[in-house]
Amino acid sequence: MRIYSVGEVTGYLKELLEADSMLADLWISGEVSNLSQSAAGHLYFTLKDEAGQLRCVLFHHERLAIQLENGAAVVAHGHISVYEVAGSLQFYVDLVQPEGVGILHLEFERLKAKLEEEGLFDIARKREIPPFPQRIGIVTSPGSAVFHDIINIISRRYPLVELVLSPTPVQGDGAAEGIVQAIEALNQMEGIDLVILARGGGSLEELWPFNEEMVARAIASSKAVVISGVGHDTDFTMADFVADLRAPTPSAAAELAVPHRSELKARILTQQRALVAALKGEISQQGMELDLLASRLKSLTPDVDRYRQRIDERTRVASIRLGSFLALGREKVRSLELELSALSPMATLGRGYAQVQHSATGELVTRVGQVVRGDAIDVRVSDGEFKGRVTGSKKGLQAWLKNFPLKKG
Amino acid sequence: MAEELSFEEGLNRLERIVQTLEAGGLTLEQAISLFEEGMRLAKICSQRLDAAELKLTQLQAAFETEIQNKGESPC
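Same order as they appear, the protein sequences are chains A and E. Sequential numbering from 410 applies to the first sequence in our numbering. Sequential numbering from 303 applies to the second sequence in our numbering.
Bound-form chain E, shown alone (with noise of 0.2 angstroms):
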């Protein structure tokens, strides 16, 4: 479940999993269990930054053809 999350999801998650936790009023049960899952959070988001690396990819350059022709038609 919390794998499919992106960073910012895991993030966010994470920041609000600590709000509600912090505001209290839970029973200790859910408590231990949001504080669980925040652990768990924190660690993904954490392995996610360690183990990524960055994509790239080129787009066609279109402009090329488009100066071609350019060059072909008069101003």
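Chain A with its partners taken away, still in its complex shape (with noise of 0.2 angstroms):
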């Protein structure tokens, strides 16, 4: 035996009661009595019913959801403490839901607005769906409906994934501890790049493994992008508000899960389509250009054909010229051969004249002063020449006139 202290005691009832996992989360139904707020904006009320009542504390920062007043029924969160100063014992509350809300519904609101406080909802959390994903892990359990259907919806859309099935029940006892195992399994493996959490339709308590905790935090901890897909459209749960992204249902989710195939064959085409028009029009425009360079060539070389014609033209006309210059050459040169021939003196032989030729000397006598009488003489007519002798001569009337020039009379 020994004594204790005051603080010994109120310290260890403390512990105690804070070691107790029932006390340490818990909800509790009563009156609201005695309701008073401090300056720090605490507040402290009791919670009576028949056959007792409990002093409560709520501190300022925790949430309320609804206005507090005396009288009012409620359902109160929190945990059970010695409160060591006053000796007394307190119930710690976090949240306060009015009276007739089911404890589901209660344990739901106030798992989501920790969570949310926490951020896991944050939009900035959520990461893109991969477009292509190669390995596709499925948390849901073997043999259901669901899961064929998911296999069917994705063979049909896009086969070139490998599905992997981490099996789990998903709902019941140790639905929750085998979900969040099976989520963690994907994770440990290689190449899982996307995670489908998916369950079918059920009821609140049959969805409930997946409002618990444990499986909204593997959700958010997962390094895998996760689709959830639990229930019909109008159930929400933790785990669709921590997804990356809440398919309405398992099937949807499937289809949120990959591409559709024939959407990536008419993406192939338009590809196609746009690589025939693309080297089309790169041929078209190269074909301009060089129809342009051609131009271009065309205007900077000498235009031979032109050239040629025009050498051709000008031969004509030479030639032309030419023939008609030869022709009046022609012409001339026979009218020239006429006044030559005209000039000639064998023609002049030909009218009866003579040449007299000095015999001795081979002058060619034109006056009567080169002869004298007896001088041999070379006479040339027509059609041959013959010897003669001068037997005399005369000087004519001309050289007369010449010789004594007389005034006419």
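Read the hints as simulated data drawn from the structure, not as lab findings. Backbone N, C-alpha and C fix where the C-beta goes; we use that ideal spot for every residue, glycine too. You may find that some hints are simply not true.
The list that follows gives simulated cross-link-like pairs (lysine-lysine, DSBU-like), each with its CA atoms no further than 35 angstroms apart [what the hints assert, rightly or not]:
#1 A:Lys-632 / A:Lys-521
#2 E:Lys-357 / A:Lys-632
#3 A:Lys-521 / A:Lys-423
#4 A:Lys-689 / E:Lys-345
#5 A:Lys-632 / A:Lys-674
#6 E:Lys-345 / A:Lys-674
#7 A:Lys-521 / A:Lys-535
#8 A:Lys-535 / E:Lys-357
#9 A:Lys-689 / A:Lys-707
#10 A:Lys-535 / A:Lys-523
#11 A:Lys-632 / A:Lys-535
#12 A:Lys-674 / E:Lys-357
#13 A:Lys-423 / A:Lys-523
#14 A:Lys-521 / A:Lys-457
#15 A:Lys-457 / A:Lys-523
These stretches of chain E come out as covered by chain A in the derived footprint (C-beta under 8 angstroms, 3 or more residues) [to be verified]:
#16 311-321
#17 324-331
#18 343-351
Anything over 10 angstroms on all C-beta distances counts as not near chain E; from chain A, calculated [as the list claims (entries may be wrong)]:
#19 Val-491
#20 Asp-644
#21 Arg-655
#22 Glu-691
#23 Leu-731
#24 Ala-736
#25 Gln-764
#26 Ser-768
The two chains are supplied separately, each in an independent frame; assemble them into the complex guided by the hints.
Structure (structure tokens):
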């Protein structure tokens, strides 16, 4: 035996109470009374029913879903502990809901508020769904209709993937743990780029594992991107809020996970058409450039044909000119010949004249004075020549007239 | 070479080739060789879509033993 101090006892009680898991996290329903607010903004009140009462404190930073007032029937969440200074048992409240709401709804709202405050639902945390996933992990119950739907949809849409089933029960005891382990197992695998978390429709109780905090945290810390497809369109679970993408149903999750083959084929076709158009464009573009170059080249090189033609023309003109020139020349020559022939001594001889040459000197005798009687002369006539002698001479009348120039009366 | 590309890589490469071709400024030889590569990729991608078959594997259900263990231990 020993004697304890008050502090030791209150401290021990506090430790004892706080070690109890039931007292650490519980919902208590009752009626609000003795409500007061401290200067710091903390709320103090008593929760009571026919059988008893509990002192409660709600610190100002805790969430208050309703306006508290005396006499209100509420359900409060929190933990039981000892307030050592006063030595009193206290209910440390962190959430108050109106009475009449089911426990699961209460828990749902509480967890939702908590995780939201932690930022687990932030849009900024959401990651893009990979456009062409290669290995997709499926967290669901093996052999379920949901799993077969997913296989059918993905194999119809985009069979280029490998599906890795990470089996787990999706309702009942142990389901939350199973889901967490299934997600973790996939994250330990190589190359899983997407996880689909799926479950068919059910009651709130049946879907409950997907609302548990450990599942929400496993999704939040998943390395692979997570699509949730739990229940029907109208069901929202914690998993939906935390997942990178919420699909309204498991089938929708499968559809959102992969592209559709026919869309891809259309896309490929579009690219093929664009290829053809681009090459055509390129060729016609280059063809135009070639034409341009060709025409420039043409304008830069001498036009041989033109010159050839010009030469042809010149030649033709020249030959015409030459021809006429020749003709003219020939005519001229002929007329000159005529003239010449008229002048030719032979022609003169033909008309009865004779050419006389002094035989001794060879001089042409053109005047009487060149010869004396007895000189030998050669006389040429039109068809030959003969020899002769001067037998006498007489100056012509003209000579006389020259030598004796008389005035004509 | 192109056979080893994944579908995604093939499609991306195809789309880049189209962009390059559309941007122009290539020699005719380059344009034609890109065109041929693009057509080949389009064919390969298309064939992949037609020929692929979904692969399916299943991980060991680790949860079963875990659940049993949980069942034995007091909560």
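Structure-based check of all given hints:
1. For the proposed pair Lys-632 (chain A) and Lys-521 (chain A), the alpha carbon gap of about 22 angstroms is at most 35 angstroms, so the pair holds.
2. At roughly 22 angstroms between alpha-carbon atoms, Lys-357 (chain E) and Lys-632 (chain A) fall within 35 angstroms of each other, so this suggested pair holds.
3. Restraint check for Lys-521 (chain A) and Lys-423 (chain A): satisfied, since their Cα atoms lie roughly 29 angstroms apart, inside the 35 angstroms limit.
4. Our distance criterion of 35 angstroms between C-alpha atoms is met by Lys-689 (chain A) and Lys-345 (chain E), whose separation comes to about 19 angstroms.
5. Distance restraint check for Lys-632 (chain A) and Lys-674 (chain A): the Cα-Cα separation of roughly 31 angstroms lies within the 35 angstroms cut-off, and the hinted pair is therefore satisfied.
6. Of the pairs offered as hints, the one joining Lys-345 (chain E) and Lys-674 (chain A) holds, with about 10 angstroms between alpha carbons and a cut-off of 35 angstroms not exceeded.
7. Among the hinted pairs, Lys-521 (chain A) with Lys-535 (chain A) is consistent with the structure: their alpha-carbon atoms are about 17 angstroms apart, no more than 35 angstroms.
8. Distance restraint check for Lys-535 (chain A) and Lys-357 (chain E): the Cα-Cα separation of roughly 28 angstroms lies within the 35 angstroms cut-off, and the hinted pair is therefore satisfied.
9. For the proposed pair Lys-689 (chain A) and Lys-707 (chain A), the alpha carbon gap of about 26 angstroms is at most 35 angstroms, so the pair holds.
10. Using a Cα cut-off of 35 angstroms, the hinted pair Lys-535 (chain A) and Lys-523 (chain A) holds, with the two alpha carbons roughly 18 angstroms apart.
11. For the given pair, Lys-632 (chain A) sits about 12 angstroms from Lys-535 (chain A) by alpha-carbon distance, which is consistent with the 35 angstroms threshold.
12. At roughly 21 angstroms between alpha-carbon atoms, Lys-674 (chain A) and Lys-357 (chain E) fall within 35 angstroms of each other, so this suggested pair holds.
13. For the proposed pair Lys-423 (chain A) and Lys-523 (chain A), the alpha carbon gap of about 25 angstroms is at most 35 angstroms, so the pair holds.
14. Distance hint between Lys-521 (chain A) and Lys-457 (chain A) is fulfilled; the C-alpha atoms sit about 27 angstroms from each other, no more than 35 angstroms.
15. For a cut-off of 35 angstroms, the pair hint linking Lys-457 (chain A) to Lys-523 (chain A) stands: about 27 angstroms separates their Cα positions.
16. Counting residues of the segment 311-321 of chain E whose beta carbon lies closer than 8 angstroms to any beta carbon of chain A gives 5, which reaches the threshold of three, so the coverage claim holds.
17. Evaluation of the coverage hint for the segment 324-331 of chain E: fulfilled, as 4 residues show C-beta separations to chain A shorter than 8 angstroms, against a requirement of three.
18. Coverage of the segment 343-351 of chain E by chain A holds in this model, with 5 residues showing a Cβ closer than 8 angstroms to a Cβ of that chain against a need of three.
19. No Cβ of chain E comes within 10 angstroms of the Cβ of Val-491 (chain A); the nearest lies about 25 angstroms off, and the non-interface call holds.
20. At roughly 23 angstroms, the least C-beta separation between Asp-644 (chain A) and chain E is larger than 10 angstroms, which holds for a residue marked as non-interface.
21. For Arg-655 (chain A), the non-interface assignment is confirmed: its Cβ lies about 24 angstroms from the closest Cβ of chain E, beyond the 10 angstroms cut-off.
22. The claim that Glu-691 (chain A) lies off the interface is violated: its Cβ sits roughly 4 angstroms from the closest Cβ of chain E, which falls inside the 10 angstroms cut-off.
23. For Leu-731 (chain A), the requirement that its beta carbon stay farther than 10 angstroms from each beta carbon of chain E is met, with the minimum near 55 angstroms.
24. Distance check on Ala-736 (chain A): its Cβ is at least 62 angstroms (rounded) from any Cβ of chain E, clearing the 10 angstroms threshold; non-interface status holds.
25. At the 10 angstroms boundary, the C-beta of Gln-764 (chain A) stays outside the reach of chain E, the nearest C-beta of that chain being 95 angstroms off.
26. At roughly 102 angstroms, the least C-beta separation between Ser-768 (chain A) and chain E is larger than 10 angstroms, which holds for a residue marked as non-interface.
Of the numbered hints stated above, the single one contradicted by the structure is hint 22.
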